[in-house]
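Just so you know, the sequences run in chain order A and B. Here our numbering is used: the first residue of the first sequence is 1, the next is one more, and so on. Here our numbering is used: the first residue of the second sequence is 403, the next is one more, and so on.
Keep in mind the hints are simulated off the structure, nothing from the lab. These numbers were taken from a predicted model, which means no experiment stands behind them. Where a beta carbon is used, it is the ideal one built from N, C-alpha and C, also for glycine. There could be a bad hint or two in this list.
Claimed, not checked - The calculated BS3-like cross-link candidates involving lysine-lysine, where the alpha carbons are at most 30 Å apart (straight line), are: (1) LYS5/A / LYS522/B; (2) LYS158/A / LYS186/A; (3) LYS13/A / LYS522/B.
Claimed, not checked - FRET-style restraints, in silico, Cβ to Cβ: (4) VAL24/A / THR485/B: 38 to 44 Å; (5) LEU25/A / HIS539/B: 25 to 31 Å; (6) LEU333/A / ASP603/B: 53 to 59 Å; (7) LYS617/B / ILE12/A: 47 to 53 Å; (8) GLU49/A / LYS516/B: 53 to 59 Å; (9) PRO623/B / ALA380/A: 53 to 59 Å; (10) SER442/B / LEU337/A: 57 to 63 Å.
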Amino acid sequence: MNSLKVAVFLTIKSIARGNVRVLVLTILMLILVYLNLLFTPALLDGAVETVNDKTINTMSGDVVVQPAGEVPVIGNVSELVSQIESLNGVSAACARNSLGADISYEGERATTVVYAIDPEQDQKVFRISQNIIEGSYLAPEDTDQILLGVQIAGNDRKDLALYSSSLKSVHAGDRVSVSYVGGVQKQYTVKGIFYTELTQGDLRAYITEKESLAMNPLMKDKASFIHVKTKDNVKLESVIEEIKGIRPGLKFQTWEDYGGFLRSMTDSFKQIIVILRANALIVAAITIFIVTYVDLVNKRRQIGIQRAIGITGAAIVLSYILRAIVYAIVGILAAALIFKYIVVPVEAQYPFHFPFGDVFLPVNVRYLTISALILCGVTAVSAFIPAWRTIRTKIIDAIWSS
Amino acid sequence: MLTVKNLTKIYKMGNVEVKALLDVSLAIKKGDITCIMGKSGSGKSTLLRQFGLIDRPTSGQIMLDGRDATRLSDGARSKLRLTYLGYIFQEFALISELTAHENVYLPGMMLGDKAADYRKRAKELLEVVGLGKRINHKPRELSGGEQQRVAIARALINNPRILFADEPCANLDTRSSELIMGTLVKLNKELGVTMVFVSHDPDDKAYASKFIFLKDGRQVPEYI
Chain A
1 MNSLKVAVFL TIKSIARGNV RVLVLTILML ILVYLNLLFT PALLDGAVET VNDKTINTMS
61 GDVVVQPAGE VPVIGNVSEL VSQIESLNGV SAACARNSLG ADISYEGERA TTVVYAIDPE
121 QDQKVFRISQ NIIEGSYLAP EDTDQILLGV QIAGNDRKDL ALYSSSLKSV HAGDRVSVSY
181 VGGVQKQYTV KGIFYTELTQ GDLRAYITEK ESLAMNPLMK DKASFIHVKT KDNVKLESVI
241 EEIKGIRPGL KFQTWEDYGG FLRSMTDSFK QIIVILRANA LIVAAITIFI VTYVDLVNKR
301 RQIGIQRAIG ITGAAIVLSY ILRAIVYAIV GILAAALIFK YIVVPVEAQY PFHFPFGDVF
361 LPVNVRYLTI SALILCGVTA VSAFIPAWRT IRTKIIDAIW SS
Chain B
403 MLTVKNLTKI YKMGNVEVKA LLDVSLAIKK GDITCIMGKS GSGKSTLLRQ FGLIDRPTSG
463 QIMLDGRDAT RLSDGARSKL RLTYLGYIFQ EFALISELTA HENVYLPGMM LGDKAADYRK
523 RAKELLEVVG LGKRINHKPR ELSGGEQQRV AIARALINNP RILFADEPCA NLDTRSSELI
583 MGTLVKLNKE LGVTMVFVSH DPDDKAYASK FIFLKDGRQV PEYI
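Chain A with its partners taken away, still in its complex shape (with noise of 0.2 Å):
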């Protein structure tokens, strides 16, 4: 306890009286440090919340139900998304239709697969509506009209990343030529043009379910895929529970399932975090290493007096972890303050631009809070390390030998 007061008031007395300039660059430092903790993985973060939301909006939905066994399609669809909607963690269902297809203009062909959907049904699941960039939403009743997706139209923007497989100059009003596997060929004015922003989602097109109806008949009421959109915080595997209740024999993917292919990239992202943040608690650990290592140096003989009249080891090394740890604080807290006042608002006015959409930073306090206490724990052993050893040297070798 004796030695906690006087590592206490050492502590104090060192901050308050030692040298400013090794304050003030160390508090830099460490603040320098803590932002690099935060930034880069909650831009990783950021990035990766927006491929989920895109792929969950645009996409898959949070839940997707598909056919099992050797019968490619769901029967009894209306009954089945009445069904769906009216269970407890479930917003919104949709139905949708596949059809491969190739799409010619001008001389130009891409290869893409067309959904048939409810216009209106669509909607309460998918955000798609929201990302038209020419021309307009489909309607239920529309018939002879395609919604691309703008890396399939081209839409004459050469800097789209899947541009030269595209139809390259395709506008809404456009009339295309599709032809669908089976051998069906059909004329389409392009009604809208739409940009999600995600790769996967600008390469599909859309048409109205009345359309497929009017190709093939015996495609009513039946579908391919179901899309169901949960409540916020509703567990899916609950969900995907109770619609195999109400129709057994079903297949499900989750969005994360459903996306696969960001998985990889989403996985990657994380290693980089760890990376970024070992690399961040390194620096912050050599900083205060050496600082505490050159004050112990300096003051060796210091210490070995303060020894020799008494004052405890405890108390010494003790003072040194203190002043680390008042170090980080301050040093969290001024990095914390310029990251949620500063850094994160600049960011929200100018953000970063990824290949699928802006990518906002996220502040997450359970990461803040974390990534404060990892970085004390880490200031702390850096500050012990060298002070122990100090410590344990020979009293008359500290005080004579400097």
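Start from chain A and add chain B according to the hints.
Just chain B, lined up with the frame of chain A:
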């Protein structure tokens, strides 16, 4: 109150052995002012460091009030230094970030006394050594003699039974030296503190009541 028997200290510097003390036996009595004298390299400071429990002897025994200090752990020796012994270094050994007052009361804080008590006592001690008006000055704002007087006050804060001083005037001018030695003698008379100091200055003989003469690490009958 302090007895040493067959005290030997050998330093190893690589493969070379330096015999700093050889078979020294003596006793310090309560209330004495003892001066350890000898030429440079005779082992004076080494002997004082053994007395002050700052170093451990290679062999021999140090008895403090009947207790064998050579067998104590580092922690127990540290506590003895804090509660029983006072040590004044040759150099001005103060903590640079602390004021004179704080330097003096730090060992009192370490001992666990009440803050009001050790602060008051530190102030009184600084007045005793003639620094009552400079208690809030930091070491760099004090002269060498003033710093050494702060060190004396610090050595006395926990009421030590024995005070050791290792050439306390080595870095001081004549006037400051007289002031320091006068202060030590005054403390011995007024507070009854037993005192052992090291000196190579024959003039300092005037302040001592007992003498230990060393030559080449051995105790000799008289200073040569």
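Structure-based check of all given hints:
no. : hint                            : in the structure
1   : LYS5/A / LYS522/B               : 18 Å, holds
2   : LYS158/A / LYS186/A             : 27 Å, holds
3   : LYS13/A / LYS522/B              : 20 Å, holds
4   : VAL24/A / THR485/B: 38 to 44 Å  : 40 Å, holds
5   : LEU25/A / HIS539/B: 25 to 31 Å  : 28 Å, holds
6   : LEU333/A / ASP603/B: 53 to 59 Å : 56 Å, holds
7   : LYS617/B / ILE12/A: 47 to 53 Å  : 49 Å, holds
8   : GLU49/A / LYS516/B: 53 to 59 Å  : 57 Å, holds
9   : PRO623/B / ALA380/A: 53 to 59 Å : 57 Å, holds
10  : SER442/B / LEU337/A: 57 to 63 Å : 60 Å, holds
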